[in-house]
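Protein sequence lines correspond, in order, to chains X and U. Take the first sequence: its letters are residues -9 to 501, numbered as in our numbering. Take the second sequence: its letters are residues 214 to 520, numbered as in our numbering.
Don't read these hints as lab results, they were simulated from the structure. Some clues are possibly wrong.
[As the list claims (entries may be wrong)] Calculated cross-link-like contacts (lysine to aspartate or glutamate; reagent style EDC-like; alpha-carbon spacing at most 16 Å):
{"no.": "1", "chain 1": "X", "residue 1": "116", "chain 2": "U", "residue 2": "259"}
{"no.": "2", "chain 1": "X", "residue 1": "193", "chain 2": "X", "residue 2": "211"}
{"no.": "3", "chain 1": "X", "residue 1": "116", "chain 2": "U", "residue 2": "272"}
{"no.": "4", "chain 1": "X", "residue 1": "116", "chain 2": "U", "residue 2": "260"}
{"no.": "5", "chain 1": "X", "residue 1": "103", "chain 2": "X", "residue 2": "61"}
{"no.": "6", "chain 1": "X", "residue 1": "483", "chain 2": "X", "residue 2": "497"}
{"no.": "7", "chain 1": "X", "residue 1": "423", "chain 2": "U", "residue 2": "343"}
{"no.": "8", "chain 1": "X", "residue 1": "423", "chain 2": "U", "residue 2": "259"}
[What the hints assert, rightly or not] If you want the footprint, here are the derived chain X segments under chain U, 3+ residues with CB under 8 Å:
{"no.": "9", "region": "167 to 178"}
{"no.": "10", "region": "219 to 226"}
The C-beta atom is built at its ideal place from N, Cα and C for all residues, glycine as well.
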Amino acid sequence: MHSVTRGLAASFLALALSGTAFYAGPAAAAGKMTISTPQDPGSWDPIDTFLVQWAAVATNIFDGLTYRGPDLKIVPGLAESWEELDGGKRIRFKLRQNVKFHDGEPFNAAAVKFTFERLLGEQGAKGPQRSNYTAIDSVEVIDDYTVDMKLKAPDPVLLTKLAGYGAMIVPPKYITEKGEDNFNTNPVGTGPFKFVSYQPKVKIKLEANADYWGGAPKLSELEYRFISEPATAVAELQAGRVDLVIPPTIPIGMIPVIAGDSKLDVVSVPGPTVDALRFNTRDGLTADPKVRKAIIMAVDRATIVKSILAGQATEIVSFQGALSFGYDKDLKGLPYDPAGAKKLLAEAGVKPGATLQIDIRGNDATMNEVAQVIASYLQMVGLTATIKPYETNVLLNDIIPQGKTGAMFQQKWGGWTFDFDNTAYAMYHSGEKWNPYDKDETLDKLLESQRPLTDRAEREKILKDVAKYAADRALELPLYNSKSIYGISKRVKGFVAPPDNRLKLTDVTVE
Amino acid sequence: MAGFLIKRLLQAIFVVIAITLVVSFAIRLTGDPALMMFQGGGSMTEEDLARIRVALGTDQPFIVQYLNFLKGMVTLDFGKSFTGGTPVSLLIGNALPATLLLAFISMAVSIVLSIPLGIKAATAKGKAADQAIRIFSLVGLSFPNFWLATMLVLLFAITLGWLPPSGMSGAESYVMPAITMGIILTATNVRLVRSSMLETLQSQYVMVARAKGLSETKVLYKHALRNCAIPLITYFGLQFGGLLGGIVVIERVFNWPGMGSLAFDAVAGRDYPVLQAVITVLSLMIVGINLLVDIAYGLVDPRIRTE
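Excised from the complex, chain U in its bound form (with noise of 0.2 Å):
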């Protein structure tokens, strides 16, 4: 296991500066972020250009300016933000914990739906019940989620009054931006848990268990649940690090002051800094993401931990 982990490790580091080299670079190739500086602001000299690319330390080579990051990261000092400079780690640690919450709340309703949904529609194969939620995922499948989030502003914030339309400021503003994430992540998982559970339905164990007595309940949720849990915790796990990253236009939408503001605001910005640590951060975590998975199976199948 511990020769599993540092192989892991090693793999994690190697993505993450990969990914981080390619961001930087390929960030710095669209604009001038003096330049930008000076929009509206009339005419400026070359010499005006040069004092403030000398004081955003652009005016240094690429390799040294990545060399300085990865510096920084190691000594957890991402620099200052080029839009005010505002130290980038408090932009992060403001940022960050908004949109764990948000996506951990999205994942939770997505789940508490989609398992007894999923199983539903598995034990009513064919009939009504699995027809409609069916039709529920198939819908749910089809909406853009911006679309979703409009819609449920214009109901429950403006015509109904009920909940704040943007903005994280109580328990009331994450309603609506979880139940959209929610809403939009249960239609794939309804259709995942359906044909997991149906495959595992027709397992010798399952009919061992039912003719045992077992009450259907206990045979659903104990025995083929937990069989059919593996491809089902690696699939949550691998979206949720999908929703990090995707979580971008919910944000947006609901004004949530999280990562995917803050690297939408970098790029417009070119704010070299903010935006190269939102990556690190982010891809840090779906390595970690995909690591926790890993060894969750462990814990769910004794197979795979005494390997």
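Next comes chain X alone, as it looks inside the complex (with noise of 0.2 Å):
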């Protein structure tokens, strides 16, 4: 036994020893940028998913017909132009030449057919990308570099929808030759870098793409590793290891470290990520729009914005932040009053020390303190409530879904597309998934008028309309529309955060 011990001893020794021995401090390859990203979406495939942590890696490996950057402005991409036809029901693009995919696969008409007709057709259906896109009917090739894309009916979203995810424009052959499986672990695109190699829940390797058709890259190298732990990430980031977190991995909490740190910068900006606590408009205390605007006005949301969430988020009045297609800048909402919020309560004949309950996500450190505070401003005018957190997808898949919620539950939203239409139409019309309590027929049609309609000034009014007539019958409590917080190193240059998490990084630089 002895012996076995001391060969351990040994073994262990050597390990411990060979620690310091290899450990050569950080890489520093010429131009290589590390990022951590918090999930591996599992498949590269455009189709597959609707994970932010898709498009943060691959907006650098794909390009669609039309391009947004992070000022969110609809741009060219594979398509150099585009012209609405037959009252919108026909979009005519006007294809870039000399581009080819990864492989060298040239790109032209018959890629766009290919890319639109898998995804509306049978591999498409396994994924969740198609439900964005059913409002294109075909897609037919006038020339090698000339496609007319017929509509069912207009849809005024798709020229953005077209910029990203689903969209990705992907090489035919490619496909065809080595099959689905391995695209999803191998993708190959027109975009600025190209993929090298995937090792799953750890990382995805990318090389520069020298024959971009935007311009070589300035780096030769990504990594993007998988690190969901945001105090893991934050130390990496510190280590120098990588370069760049991305969100959603740093909470506000932990914003003060890496401030702290003189290699290290915080960049924040506008997300799309809009929270509020909605309400049970079908039964108990809150049914009554009485008691719901109460609520809202004995919460002062200014207090919890700056306090809680140390400015790293703007307060909202309806759900949906400023850079949302509907935001209404001259919307008023309730304001903070809490002697007023009483008057209603007793208009409503709600007596003190009536209890309400409110549903929230148990891992959303945020959204937890927010809770209590809110708790404690309603039990000031006389309203006890409890918190009940539960597991995030527990909550989104079963209890709101199933209409099982307290009074109060919280919802978060925020599509990348930046359109009002994306939480409006999911959160407000008669019988989606994710609203268990409301019918509205005025409220319905108004979010039908809008959905055709290629007007944009139009549209945008009636969007206005249904976030004003929301808030009129106080549909949910709004909250804050949070920042994407991203941790930077100093290193990093050319960086431009964007609000949807897709990153290019054609023009970084790293030191």
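Please dock the two separately framed chains into a single complex, following the hints provided.
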């Protein structure tokens, strides 16, 4: 036995020593950037996922017909220009010439046709992205560099949708020859970086595509590591082994750690995500709009944003942030007015000490604090709130859709398209999964009427009306629009933080 | 011995089936993976959800899904992950060695530390060395392991820059996770070795060995340790099983691509095939370790071998 012990001791000692011997500090290959992202989407195929963590990588591998950068403006991508025909029911795209996929295959009209037929066909049916593009009826090849997209009905958000996710143009020959499974883990696109290797749950590596149509990227290598634990990602950033930590990773409480490190910076930009506590408008106390209004008036949201969110969010008055299409800067929310709230509650016949339950995501540290503060604000107007934290997916997949929530429940929402329709339709239209309680014909009609409109001004007006109508009915207690928080090493130059996490790193350098 | 093995094997199969049945059933009560895919995706129709359910196979009754899983287990085809379609066998194939290696090294660290410390504490009972070791053990037991891990990262990775803060990249990346696990295990093991040893040291054969004039080292390590090894082996074996399940926190903190991380992600993403496979493999291993512990008894103690 003691020879075994000695053997183990020796091997452990060797291991401990090897640690100091082999570890030579951070790798500093010229022009290499390492990024920490919180989740591995598992597949790099554009049609498979809605995860922003997919887009944070894939925006560098693939291009769409259109492109939308950090300024959120739609500009030409693989299509050089387009025009709307037949009253918006047909869009003609002129394609960029002399573009090649990473495997050498040419990009042309056939590739566009293949991409959308795949998305809307059998393969697309297995994934979630298809649902976003059902307005497209067919794609017709006019000539090698001209395609017509025929629509079932005009879709005002389509040009935005063509800039990301499911609409990324994929290589027909490569997919047909090598198969679908291969494409999931060995993606090929036309983008500024080429796929090199992928280790599931560990990392994905890309290298510069010197022939990129938009000009070769300045970095030679990109490596994304999947790190879900915020403290670990920040430790890697501090140790200099990661150059950028992308959202949603860094919680507000960890910002001082990064800000206090002279080698690092915190960059935060308004993001798509909005938090609200929605009401059960069907049963109980909150079925009465007076009670809902009283609750909104009882909560001082400005103080919450300032003190708990440390300014990493902005107050909202409807279920959207300022970047959203349909945002109305003139819309005024109910003021913070505890006395008025008490009066409304008395009018509604609510006795002091009445109880209500607030359902929140248990792992959302910020919301846990915010809910405590809201509960104490409600206490001041005579309402006793209990907070019920759920595991996020149970809340989202079961409690909300099945209508099993308390009087109030947290909903965190925001689509990458920054179009209020994405939120409003899902939250307010009767029969939608995320709208278990409310039925309102006026609201349904408003929501339906804006969907086919290609006139931007008219559609924006209706979306503003939707927001106002929902606010008048007090359908939710609007809270805040969170910022997207990036932790970045000062070695990185030329990085512009995108609000939607779709980082394209063509112009970035690492010293 | 053969009859005993067969009996244990049947028991093992029963245990694994029972565990996977409970886990598979329970996870399906907590949400629909199809619905999860649409997070942030705006409005989807029932038709969209139905298409995805068909593609994932979750439209079938539970019993059909479970039987398919059992069939897969026998043919070693665990199916594909719901997140991205990666073959589950590939995920397990990457994660299992990572976890096993970390667990082995942590156990080794703990055994190497706890046996000499435990023996020292026993022979120096009531004296300063014993007190010191017992205090160390108490402190070790009271540490939450993630706290210890964070402190090590702060010191060795950020302040001193000697070790990588996370990931599995080379020999140096094992040091902090193994030491964190090792120290926590040692805290318990030292006490076990100490009490086991105290009991043994009072027995007559130890007196005889000493009376024969054997050196103290020989008495302690050859005679006494061998005799108190049985409870220790049992305990270390069971601990190793527990370690495989309990390593989740350490894997998260050190971003270790092992079974714990895989299970954690699978639960969070309602990735049924991955979760079922992870649970099956882990329970098979724990059952297997118990079997090995039984066999090890026989090797250490000839009286059990001949029974």
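Comparing the hints with the structure gives:
1. 116/X to 259/U: holds, 14 Å
2. 193/X to 211/X: Within the cut-off at roughly 13 Å; holds.
3. 116/X to 272/U: holds, 13 Å
4. 116/X to 260/U: holds, 12 Å
5. 103/X to 61/X: Status violated; Cα separation ~29 Å.
6. 483/X to 497/X: Judged against 16 Å, a Cα distance of about 9 Å means the pair holds.
7. 423/X to 343/U: violated, 64 Å
8. 423/X to 259/U: At roughly 9 Å apart (the allowed maximum being 16 Å), residue 259/U and residue 423/X satisfy the hint.
9. 167 to 178: holds (count 3)
10. 219 to 226: holds (count 5)
Of the hints listed earlier, those the structure fails to meet are numbers 5, 7, in rising order.
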